Amino acid sequence: MKKTVLSILFLMTFSTSVLAQKKAVNEEVKVSIDLINVKEDKVLVTVLAPELGKNEVIYQIPKTVPGTYSSDDYGKYIEGFKAFDKKGKELTVAKSDDNTWKISNAKSLAKITYLVNDTYDTETGSGFGKEEVFSPAGTNILTGTNFMLNNHGFVGYFNGKTDVKYTLNVAHPENLVGTTSLLDTDKSATNDVFIVSRYFELTDNPIMYSKPDFETFIVDGMEILFSVYSPNGVHSAKSLLPDLEKMMRAQKAFLGKVNSNKQYTVLLYLSDMEKNDAKGFGALEHHTSTTVVFPEAMPANMLGQQLIDVVSHEFFHILTPLCVHSKEIHYFDYNNPKMSKHLWMYEGVTEYFANLFQINQGLIDEDEFYQRMVGKIANAAKMNDTMSFTVMSANVLEKPYKDQYLNVYEKGALIGMCIDIIIREKSNGERGILDMMQKLSAEYGAEKPFNDEELFDKIVSITYPEVGAFIKTHIEGTTPINYDEFFAKVGVGKGKIQVPMNPFLKNETTPLVTINSTTKEIIVRSDLEINELMKSLGMKGGDIILAVNDVNYNLDNIYEMIMSSQDWKEGDAVSMKIKRDGKEQTVSGKVKVTMAEVEGYQQIDASKSKLKEAWLKG
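With the numbering used here applied, the sequence shown corresponds to residues 1 to 618, in that order.
Treat the hints loosely; a few may be bogus.
As the list claims (entries may be wrong) - Simulated crosslink set (DSBU-like; lysine-lysine; CA at most 35 angstroms straight-line):
| id | residue 1 | residue 2 |
| --- | --- | --- |
| 1 | 76 | 165 |
| 2 | 402 | 535 |
| 3 | 496 | 382 |
| 4 | 89 | 111 |
| 5 | 610 | 496 |
| 6 | 448 | 506 |
| 7 | 382 | 102 |
| 8 | 592 | 494 |
| 9 | 426 | 439 |
Because the hints were derived from the structure by calculation, they are not lab data. These numbers come from a predicted model, not from an experiment.
Model the full structure from these sequences, guided by the hints.
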């Protein structure tokens, strides 16, 4: 009797195992992207379907992807969608909206094919949140030169099948190398194969194909891969590496053991502003990588600082939302997303960390840190300061709330600062908001999402009732924050401070130059007294500035001129090519820095210096 039962059990177990293996194989989605045979700036994508067992099947391209907080409708860039059965017969397809295709007689579905247009060519520069795909979340198709594969723009999913295995096969020109955190299982020179456990893992790992220009380094056991595409060879991974490495080492030191990533990839795409190219500058985070887009014309020193500011923000996302997040994010619905109410944490605390770590690790001084916070106070004041942050967050895809989204980087960061100061004050400087986030990370982690409604109670339980009162009043509530009250807790207050003025500004708001809108030329204003630097160079009102330190400038890149001069130091060599009375000439000399007295923040209560040091350096 026992033998018979065991035999039956064995057969049942064996049969179940075989069926399970068959099911696993049948549920795999195989995708091929052809980057070699590009036609009319479009890429062919072929998707081999799993066994779906339905008469009607829905295939979707994302409307929204995590981290963008906008409706981008990537399906708008898809054309020529076709479905075929196992005999190659074309099946009936109906497009129900920008991102959705319904396939009839789908029990016999074998594959679908479609062409993908890129988003970079369509960008006008209207900016993030202006019905335009944010460049770091976009796609690029530049035949034989560069392909930016944010995979959500190329690959979709069958409804209800986002948790099945995906195999991505990418055929590419031999001279282009794909950089990504994904593992290539095919070692051939013109084909890459990436295998992921589910659709999210595919969309969470962008791939950039370009001619090899990358550097690697190790930070505390984590390998950093830094890949750069610079269309005109202005910048390189090697030249920009020192700033990135300095930033990454400082971040790891600041975070401590909270991050366990073994690899992290930074993909830097530099846009050629002279052509149809990316115009939405910034970055988008992923679990083990970041996509970054900036203009190639940006001077090296400015680009280096932007890498520190922007990439550090994305890297800090490993804490939240990548590690600490709600079910709305963990089980993200790409085409009908329900948004979490905790953008104050996902983006605000992250942005605060991106500034705090720099003062903590000595990359900036106290004055610079205070100025950054003051700037955020000024920017936040321009937004709706009485709108509930949680209500705005939960409804961020809809008006009027989406118009307030950028406040997550301003008031959101200031919320993080205030909570940090409260925790420092109540713990006598021993703990801060980083400790709070570390505890939340230990409580939840990447695979354990929280219920949206439970987070505030959890935060109060690991911090103090005063944090709960702040949350109720200023995050859930509509009461504006008195930032001076929180600065005073650490002995910091308003006072007159000396700051260096930008060489092209008379004061914080008045430029010394203007623009001829017809010729795009930059002109030294005649109605204002020029500064000491311009006087020392022999310049006059009415002079046309053609170039500074051998870089040509006009209306199109005047912002880069202003920003690059921010880093000039007293005594630095400087030259300007100018045009006066129709004749060109070059003037040169040494930088003279003009100081201005402005209202800023500084320590005014020495009795609280220990608490202030714990806040900024603890």
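Now for the hints, and whether the structure bears them out:
The straight-line distance between the Cα atoms of residue 76 and residue 165 is roughly 26 angstroms, inside the 35 angstroms bound, and the hint therefore holds. Taking the CA atoms of residue 402 and residue 535, the gap is about 47 angstroms. The hint is violated against a cut of 35 angstroms. For the proposed pair residue 496 and residue 382, the alpha carbon gap of about 24 angstroms is at most 35 angstroms, so the pair holds. In summary, the hint linking residue 89 to residue 111 is supported, as the alpha carbons are separated by about 10 angstroms, within the 35 angstroms threshold.
Restraint check for residue 610 and residue 496: satisfied, since their Cα atoms lie roughly 23 angstroms apart, inside the 35 angstroms limit. A C-alpha spacing of about 53 angstroms is found between residue 448 and residue 506, which places the hinted pair above 35 angstroms, so the restraint is violated. At most 35 angstroms may separate the alpha-carbon atoms for a hinted pair to count; residue 382 and residue 102 exceed this at roughly 45 angstroms. A threshold of 35 angstroms between alpha carbons decides the hint, and for residue 592 with residue 494 the separation of about 28 angstroms falls inside it, so the pair holds.
As the CA atoms of residue 426 and residue 439 are separated by approximately 17 angstroms, the hinted pair is consistent with the 35 angstroms bound.
Violated hints, in rising order: 2, 6 and 7; the structure is consistent with all others.
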